[in-house]
Amino acid sequence: SQKIEQNSEALNIQEGKTATLTCNYTNYSPAYLQWYRQDPGRGPVFLLLIRENEKEKRKERLKVTFDTTLKQSLFHITASQPADSATYLCALGGSTLGRLYFGRGTQLTVWP
Amino acid sequence: KAGVTQTPRYLIKTRGQQVTLSCSPISGHRSVSWYQQTPGQGLQFLFEYFSETQRNKGNFPGRFSGRQFSNSRSEMNVSTLELGDSALYLCASSLTAGNTEAFFGQGTRLTVV
Chain S
1 SQKIEQNSEA LNIQEGKTAT LTCNYTNYSP AYLQWYRQDP GRGPVFLLLI
51 RENEKEKRKE RLKVTFDTTL KQSLFHITAS QPADSATYLC ALGGSTLGRL
101 YFGRGTQLTV WP
Chain C
113 KAGVTQTPRY LIKTRGQQVT LSCSPISGHR SVSWYQQTPG QGLQFLFEYF
163 SETQRNKGNF PGRFSGRQFS NSRSEMNVST LELGDSALYL CASSLTAGNT
213 EAFFGQGTRL TVV
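Taken in order, these protein sequences are the chains called S and C. Residue numbers are given in the numbering used here: position 8 of the first sequence equals residue 8, and the series is strictly consecutive. When you read off a place in the second sequence, starting at 1, and then add 112, the result is the number in the numbering used here.
Same shape as in the complex, but just chain C:
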């Protein structure tokens, strides 16, 4: 069965621009979580969606937003990009949520210049 697919794999954007990242979870998985990974902070939770509803949100500014579609695919958007947004953005899918393993995608490497 296909794993978690994130697109694009690499992205270079200019400060002030906005970006949309996509995540297709494993078929049948309804929970999708997003994480930001940087060398300085490690993996930081952004938000989690379940059945098209955002259930939890991490401590990130409002420039970070997301959504989930009826087929469980998810997108996250970052507006007004800052240099500090450069990171590896990881998406994880789970069958439900909590107490189950999370399957991560390869991530999207975002570089803001």
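Here chain S stands alone, though its shape is the one from the complex:
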């Protein structure tokens, strides 16, 4: 069955630094990969989608890379701010319409 691992449960960085979150997967060939942000007590919020034939996607301070050979995605937040503190989830999709496979998430804390 599919297995999705996000590098660590928690990541603490200083404001202004770049946060790098990792998502590794096995036993799956996703057509696309998504990243979501989730705040406590709220539903996930979509951030970025990258397709299997794309290497990199950017949106403002966010950048995601997708390496289907390594079966890995990296999610970067540059010039991080305390407001970026949240749990970040990666999700894979493609083979089964309407179904996303989620990682357990990485809780990011950005301290001033």
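Bear in mind the hints are in silico, worked out from the structure with no lab data behind them. Watch out, some of these pointers could steer you wrong.
Listed next, with one range per pair, are the computed distances between beta-carbon atoms [as the list claims (entries may be wrong)]:
1. G196(C) - L62(S): 48 to 58 Å
2. Q130(C) - T68(S): 36 to 46 Å
3. T208(C) - R58(S): 16 to 26 Å
4. Q130(C) - T78(S): 41 to 51 Å
All figures in this text were calculated on a predicted structure; none of them were measured in a lab. The C-beta atom is built at its ideal place from N, Cα and C for all residues, glycine as well.
On the provided structure of chain S, position chain C as indicated by the hints.
Same frame as chain S, now just chain C:
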């Protein structure tokens, strides 16, 4: 435009009871998916509906069921509640399905006592 609306936000039920949760997707969205989120298992897929048809189902017992109406609103039902059903139940809507972003509701926090 209004987001995904889930009702109720919080629910406390007793073991053995049944519960119905509701989800109103974003206007124009035809795909509705349901997920269960727990600290131990993360987000687990329950099922997905598109144009009133269940297209996919996750690995949950038959006590979990759902349906979608002609206006795309969806309900999920859990019968014979168990303590382990305590979780945050999230509904997500998409314009179609697959390869598009999913918009999640705030969720329904179900506590089974």
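Now for the hints, and whether the structure bears them out:
Look at G196(C) against L62(S): about 36 Å separates their beta carbons, and that is not inside 48 to 58 Å. The supplied range of 36 to 46 Å is met by Q130(C) and T68(S), whose beta-carbon atoms lie about 43 Å from each other. At roughly 25 Å, the beta-carbon separation of T208(C) and R58(S) lies within the given 16 to 26 Å, and the hint holds. Our hint of 41 to 51 Å for Q130(C) and T78(S) holds, since their Cβ atoms are close to 48 Å apart.
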